[in-house]
Amino acid sequence: MKISKRRQFLAAGGLAAAAVGYSETLGRVAGKLLGRDAPRHKTAGDAPAPEYRVDAQGNLELNPKQQVSYTTCLGCTTMCGVRVRIDKESGKVLRVAGNPYSPLSTDPHLPMKASVKESFIAVSALKDKGLGGRSTACGRGNAVAQQIDSPYRVLTPLKRVGPRNGGNWVPISFEQLVKEVVEGGNLFGEGEVAGLRALRDLETPIDAEQPELGPRVNQVALLSSVNDGRDSFMRRFMNKSYGTLNVFGHGSYCGGSFRSGTGALFGDLKRMPHGKPDYANSEFILFVGTAPGQAGNPFKRQGTLIAKARTQGKLNYVVVDPVLTHADNRAAGERGRWLPIRPGTDGALAMAIIRWLFENGKIDSHFLGFANAALAKQNGEPSFSNATHLVVVEPKHPREGRMLRASDLGLALPEDQRYKDGDAFVCLDAAGKTVFHDQAKAAAQLFVDATLKVGDQDVRVKSSLQLLREEAMRLDLPAYAEACGIPAETLVALAQELSAHGKKAAVIAHGGMMNGSGFYNTYALMSINALLGNVNWKGGLVANGGGFKDDGEGPRYNLEKFPGMVKPSGTPLGRNVPYEKTAEFAARKAAGKPYPATAPWFPNAPGLTTELLAGGMNGYPYALKALILWSSNPVYGIPGLRTRIGKDLADPRKLPLIVSVDPFINESNAYADYIVPDSLMYESWGWVAPWNGVPTKSLGARWPVIEPKAAKTADGQAVGMETFFIALARAMNLPGFGENAIADAEGNAYALNTPEDWYLRGGANIAWLGKEPVADATEEDIQLSGVARILPLLERTLKPEEIAKVAFLLTRGGRYQPGKDAYDEENAEWMRNPLKPMCHLWNENVGGSKNSLSGKRNRGCGTWSEPAFADGTPVRQLYPAKDWPLQLTSYKSALQNPYSIGATRLLAVHPENPVLVHPDDAREFGLAMGDRVEIATPGGSLRARVMVHPGIVRGVAAFEHGFGHRELGARAHRIGGESQPRDERLAAGVNLNEIGVLDPTRPDKAPWVDAISGASVRNGLPARIRRV
Amino acid sequence: MNAHPDLSRRAFLGRLPVVTAGLAVPVAAVAETKGPHWAMLVDTRRCIACQACTIGCAVENALPEGDFRTVVATYAVRTPEGRTGLSVLPRLCNHCEEPPCIPVCPVGATFKRADGVVLVDGERCVGCAYCVQACPYDARFINHKTGKADKCTFCSHRIEAGLLPACVETCVGGARVFGDLNDPESEIGKRLKAAEGRTRVLKPEAGTQPRVFYIGLDDQLAGRVAGASATEMMWRPTHAGA
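Top to bottom, those sequences are chains A and B.
When you read off a place in the first sequence, starting at 1, and then add 2, the result is the number in my numbering.
When you read off a place in the second sequence, starting at 1, and then add 119, the result is the number in my numbering.
Isolated chain B (complex conformation) (with noise of 0.2 angstroms):
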């Protein structure tokens, strides 16, 4: 069976993708355009790394096991304040509005609708991963089944029949939004508005314009591990000076 990760320290680790988190710049790119243009807004405070959106992804798009188009990366950190905590990063194909992945493709298979989805034509892919090794956010993969690059397609078969990603369907924390980014009304319109100055992107300096907002990934992505012992770890509150 491949679809059982090694357990090597390497795996303990985890391989993290170099992410550096930046202010996101949420206007609406296409804005004159008439239809909606698809994006997410991740609320990290309300992630609770239950993994519901990474097993309900794998199971909607009959994934083989051990592929994943989305996960939520679960860290150990220590605050500069001396704290440990539990840092998320719910990690998915950014939709980039200028993706890396499109032109390194020798065949045309990956584009980028109207809407904004990102998608890849399986019929064309040849399976080069070419586009997995562009993406500057470890976002692709060769499906172990198919053979083919593979990754998040915002659930595009259930946006187009009126229906939510299924990542954002079981999402128990409500911290992913999905929604029009060309209408203020919407509701991940209206949050962004809302958390306007403090929704980042991962890695703005690709100058890939991400699709996928963050709210509270500055933060958690300032700590330090090293050194954590068990005084140091303790809560002490505010008021009391310490």
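Here chain A stands alone, though its shape is the one from the complex (with noise of 0.2 angstroms):
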């Protein structure tokens, strides 16, 4: 059993060097034979000592020069809970691990009534009871704690000195920062820059003909990442307090078309709804685009629920993905299986199912058939589907594409109430007689295709049954094989599998979603699961438990409302609200020609920040005065961007005012005129919940376990975003900020003057949340857990009886629901947490909306289309395989994150990311491994490094995210005049989206996003490649 390296094995692409360093040394043996700097301890070298002791009895003994406390991690948008170990004398960072009562990080969690000390000696070896109740952080969670002591962070108000990104910058006060960004002025020689005073114009509308525009103060906008227990407090001061409707997250850019497609099965294509399947129960899940183990959100109770599915429970699974991920582990043999696909034709693959599904009669009828959920629960469904529910097809009938209504049928209902909530949709009883879907009383007809008195005029509807079944007719299996790339056996043994587990198989997807056909592909592959009819079941879709609501109108203040509230108004500038209803288009078609509009707009999409910034720079539909980057990098991230604006940041302007609130210099706030330092990592405040995967509810908090590092503002407190904020609210006096602004539910009045006047009494609304309140916590969880630290912070700002009730949420690091209250109290089988909303197999919002540059109407349920840019023409009519041989595609590191870099422990086990190229490529284009090459795509060309890899689709090369940054240390900026400290390692690699593509049928040339959701396209690039 001899293994030849050369032969056998070739190292992954994810991991490439991990083995390098490790063997390495022994080249270095020779010049490293005396020793340097003695270990600290004899025999365990320079270990510190540990955080505590626990003796076979079970006695906990503390290590008085440290602590532990939980909070949580910000290494990558999963939050999970964590616990930091901190050397008390230093402040310094010791390590991280999880934190045992936070289900991110444990599986099971401990459940809140363990004490501190119990959860601290649930994690020890004591009896074994760490290894069962294991509570890990991962890879790069056990690295970002590196990033607090990073050279390149921003610790003072810096403003630039010099053009915009020309890395030269200078401290100023905080006093002189808050006044030039309010009040503006000849702030950098080049002229006047309107202050954030003047930008707020709540009355004056942006334009007199385009009322529907909104005030002047939309023309400031902010840009964040992700929600990271914070985004409240912002939100408070930009939307409900400053004005604007402009403040967008990084979703667009992230995994967009995935949440647009599941939000329009779920019918709410807004907030988008989404689950995942219940991996601990689940016996067949097919990933499509997301793969557990190599990265996703949750990122590390994935991975851990599939590596124990897959070796002790029931679990199969197979990865559809163009490139081989960490969901593969050949040692458990075949329980969980790879298949390549195509990059962009998941759609095909999907339809492949649903149109075997229908021709073999394995679609669950029995759930299908009832038409609301009082029926369907009765029936012992706990969820249901409008796939009974007729939508009207009559060509150009006014409601084409949207579902028939029981007003059309002659309820009478006030006209403000026709087509919303209260309008019931409409089914076929078995008679044959139509029924409002509230009434129906038994299983309506599944496959309708019929003619009906609407008024007096005779109109064909379809069921949306009906409709899923014509789509996926369409294209029979060898036509769905062929685009894919997936055999038709294949694609048929998937359909089997899946239909053999019916409601404990799951279909989910998510990144890999983030091509040219992006919500189709999505809402096509997510449809699978209503057809199945596994949602809300034991093992199949399931809901994310949700949180506890820290800043609603809760029990303790009023974290929602306060006097002077502005509710903004307008139309967000990333066009996300139809054509059809600006004054763009009925000037339009009154000229007679309604299409194409100036850009596209996404009547379907949320808030879109890959949109905002190509069209408020270039004043469509109207333009941007000033821009806030809280943390947000949309030019590293977003694909084509920075070709597309990066020389339109650059001009004061074109864009006057830039702001930045962030710890670090990246892409993005190199162009900014201020940078404001923020909090990082263990230093902050906030309340976060899952994002999903977590059946039970589950917050965790943020809380300042470490001192916050950055300057102090002149009262004491750290320079960061709230205190930013308050600081303007306070400059402008605007409401919601200063004293008397938040009321408590007696309607007393108190301060909103510091972070924890803010986040202390959101923590006091979830304490008092559910059927009663939290315990107390004791002396000993607040001595053990660190929150001794800031108990005067609580003292001072909480009522006497809400201080051992927070403190117990800080000293847990959060609120948990305990782990079995996952499933239903009466049906076992049942989720108890649901996915409320009914599953639409027809959309009614994208059925009867218009591709705004074509005027087409968009297809009403899932399909498979080839990827196409925004007017619907195909990629490869425009950049064909005999130009572009190779699609580029992007897959998500399980190491780097896009702002990680700096924690240089990550480069030293995975130094860069060589693009994946497939062996068969290699020879076609005559490549090895190791070469240099040149990738090329319509949008521009990098230099690269390529792994020859058979872990890869062939005719694609893979990009891993996270490398080719130019800043975050990359670039060396002068702070006052010193340089930053040079690191050439931060530079290294590549990043996919420099080389983006800009969609040619768009008028404005803005970065090639889906025409529906409006997200990115970064999977599936036309692309060449040569050596160089």
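To be clear, the hints were calculated from the coordinates, so they are not data collected in a lab.
The calculated label-pair distances, taken between Cβ atoms and stated as ranges, are: (1) A:382 with B:153: 58 to 68 angstroms; (2) B:304 with A:90: 36 to 46 angstroms; (3) B:316 with A:314: 15 to 25 angstroms; (4) B:279 with A:979: 48 to 58 angstroms; (5) B:316 with A:64: 37 to 47 angstroms; (6) B:316 with A:115: 40 to 50 angstroms; (7) B:304 with A:93: 34 to 44 angstroms; (8) A:379 with B:304: 44 to 54 angstroms; (9) B:316 with A:502: 29 to 39 angstroms; (10) A:823 with B:279: 34 to 44 angstroms; (11) A:64 with B:153: 22 to 32 angstroms; (12) A:984 with B:183: 13 to 23 angstroms.
Examples of chain A residues toward chain B, derived with CB under 7 angstroms: (13) 41; (14) 47; (15) 48; (16) 57; (17) 141; (18) 144; (19) 305; (20) 328; (21) 331; (22) 334; (23) 896; (24) 952.
Each computed BS3-like pair below joins lysine-lysine, with the alpha-carbon atoms no more than 27 angstroms apart: (25) B:153 with A:129; (26) A:44 with B:231; (27) B:309 with A:131; (28) A:838 with A:379; (29) A:129 with B:309; (30) A:379 with A:773; (31) A:858 with A:583; (32) B:312 with A:310; (33) A:595 with A:583; (34) A:67 with A:131; (35) A:181 with A:242.
Note that the coordinates shown come from a computational prediction; the quantities given were computed from them, not determined experimentally.
Built from N, CA and C at the ideal position, the CB exists for glycine as well.
Hey, can you piece these two chains together into the complex? The hints should help.
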């Protein structure tokens, strides 16, 4: 069994260098014979003393020099509960592991009633407790604490010197920062800049001719990254107090197409509800463009559960992806398998499966027949669908593509209530009579193609299920197989496998959907779940349990509303509203040519950061006057954006004011006029619920377990997002901040002058939610958990009866429903916290909308159509394979995220991201392992190193995300005349987004996005490669 | 900076130890002694190659960047059935019963304790690296900072405090199981018994009697990667006759 390293093994893409660092030391032996710095301990080397000891009797002895605290990680968007071990004297984080109370780090997690002492013992070696109760941090989670001490941190307010993106800054005082940002003036010797005070005009319309755009305050926008538990504070300032509509996160360049496609299935394209397979109980899961163990959210929990399920549980799974991922493990044999697919063709796979389910009578007709929730429940189904609801398909009918409603059949409703929630859908009962969906008493007809008398008109209608079946039958299996490159027999086998497990099978997708038909690919894939009838079933597609609301009209404090609160209005800059309601449309229609619009509109999308900048910098639909970037890095993250607007961003005449709040200088805020430091990782406050994948209620607490490093304001507060916005509000005398800004349940008013004024009161709301408030923290809990450090803040801010309860949350790093509550009390096969929305096999908002460039009607159900540009032109029509023989795709790293490059311990394991190329392609293009190549798309080219790798589908080159930085330390900036240190390691590798494709069919030539979801396209870019 | 591994072709391929896997004989070799005998079981089926162990270890032990006491070597392999997949090999010091590193040490710095842990006395070590070369598992190195022989200690400072090794604490997949071989009721004892006949150690022919056991090691090491093509990499369901 000797293993030849050349012939039998290739290091896998993810972790090529792992073995190197380990063995490379051999080569260093000769030069390292003499000791330099003697290890601190004879046999334990430089390891610090343990944080505590647990003796054989279970007695706990603390190390008085260290603190162990439970808070939240921010190494990715999962935000796992972590235990942070700190050296008290230096304030340095020694190591990070998991919080055993948090289901994001532990399976099963500890009940809240366990004391902090018990939680310490639960992760110890005592009676092997720490094996079953293991609470972990991932590779990145272990490393990112390094960022806190990074030499590249911004610790004082900075003002640019010289041109934007010039890398030259001068530190300024907090007072100067606030004054200049608020009042404006000739700030840079380049002319007058309007400050935030002048820009906050809540009255004057941006354009009197287009009143729908809203007031001028909308010309100020904020881009954030992710809700890290601080989002609602930011929104209180930006939306409710300052008053702009334009505040958006990173979703549209993260997994937006997945969210939109799933939102279509669940009938809400703005909030986009979604679910995850019940890993612990599923018998078969089809992962498409998502890979548990590789990345995704919740990264670690998925990895833990999949590892357990494939080893001890019943689960088999298939991961469909152009790239081999860490979801695969040959040691688990056939339990988990990789199925390569061409990028962007997942809809063909999905529709093939759907076709087979229809053709073979394997859809769950029992589930699909029930037209409302109550009827479904009576019949043993914990969810329901609109399979039987009728859709108007009559050509040219004003309601074509929309659901037939009760009012269409004569139900009397006031006009403003027609086609809203109270206007029922219509089905045909078994006798063929129309019945309103909410009055159906038995299963309705599944397949309907009929003509009904609507008013005095004959109108053709079809059921949602009928439309999906027709769509699936449009192509046959060989055609679907041809499109996605997966043999028809394999497609059939997948369908068989799914139907064999029915409600204990699930289909899930995510980031792989960021392709040129991502919305429909997702909608088709996720619709399979509805056809299997698996929603809310143990083992099926299940809901996130959600969190505990800190920022609402809570039981203790009203953090939702305040006197003088602004309700922002107008048209969002991302144009995620119907074009047909704009003044532009009316004018063009009057001129006889309503389409195309000046740039695409996305009525079925959420707020779009992808669209905001290119539009806002070019005045469409209106001009951006000031931009705040809060931990946001769209220039790095949006494919093609730098190419499109890099020059514009550098030009203050195009966008007069850019302010960033960020602990680092990234590729986007390098263009800022001011950078305000922010708290980082374990320095911050916040309350944050899991994004998905935890079936029980769960809320992580973030609290400053270490002292924030940033400079302090005059009153001793660390400069950060909260203190900056509080200061801006004070300077402009805005509502919702300062004295008497927060009301309690009795109507007494309290100040909002510090971060803890907000977060601790949010904590009080959380503590009092539910049947009864949480218990009180004990003195021991407070001492052991390090909460003692901030106890004076609790005492100063909270009511006496609230202190120990909020402390209870902080000592345990959040609030968590017990794991045993995952399933319904009465029916153990149902989930307790269900996905409430109806499954929409037809979505009328999509089906009733039109492409704003072509004027063509959008399809209202899952479908397969090849990746296309904004007006529907197939990509391959403009960039054919003969000129662009490869497709580029991206995949998420198990180690790097877009902002972790400075955690150099990660680089020691995995120093760069060579581009993966299949061995057959390497042969064809004359490439060998390690060659330098030029990779070009229609959007640009870059140079990279290739790794010839069998774990990729032929015809595709794959980029791991997270490398190719120009900033975050890759460039040394000058601050106050001093240069930052140089560290070329941080510039390693390449970023696919640098060569994103601009959409040639768009009049505004903006970056390519999915035509429905408005989400970035980074998978399936036409490309060519050559050795250099 | 010396922490930056080189990016040569050698780096891409990774330097692999010549490992073979053989049936483990997990008898408690020192069962007659009273105290614990520490060992590790790695269930590779549960490893997701996230490198939490790798980095958790490096942080816990304050290793210079670029030095590792444990890593998860990760390979793309072709199985005999023609599938391309991922194989993982978490590696660390095997804390052998017959450690070849001990007799070669000229100053007696390397020793094996009664509890089974093999350690290096940093005060005695002269950094000659004989032990590094003697280790058949490539588990030892000369620490960049101290100039001393270095390797996994099973986090001896933590187990003495009643805690688990850092890599075990933070193993996301739950692949690493650590415990007392002398205690049949211990988790590792029970798991080894349950997996009897299916556990392996690395290079049994070296006669070192490792005390790091593996589940799932044999199949993954039987693969070949040469000439993989996309079609051959396809998953085909067994019941479809493919």
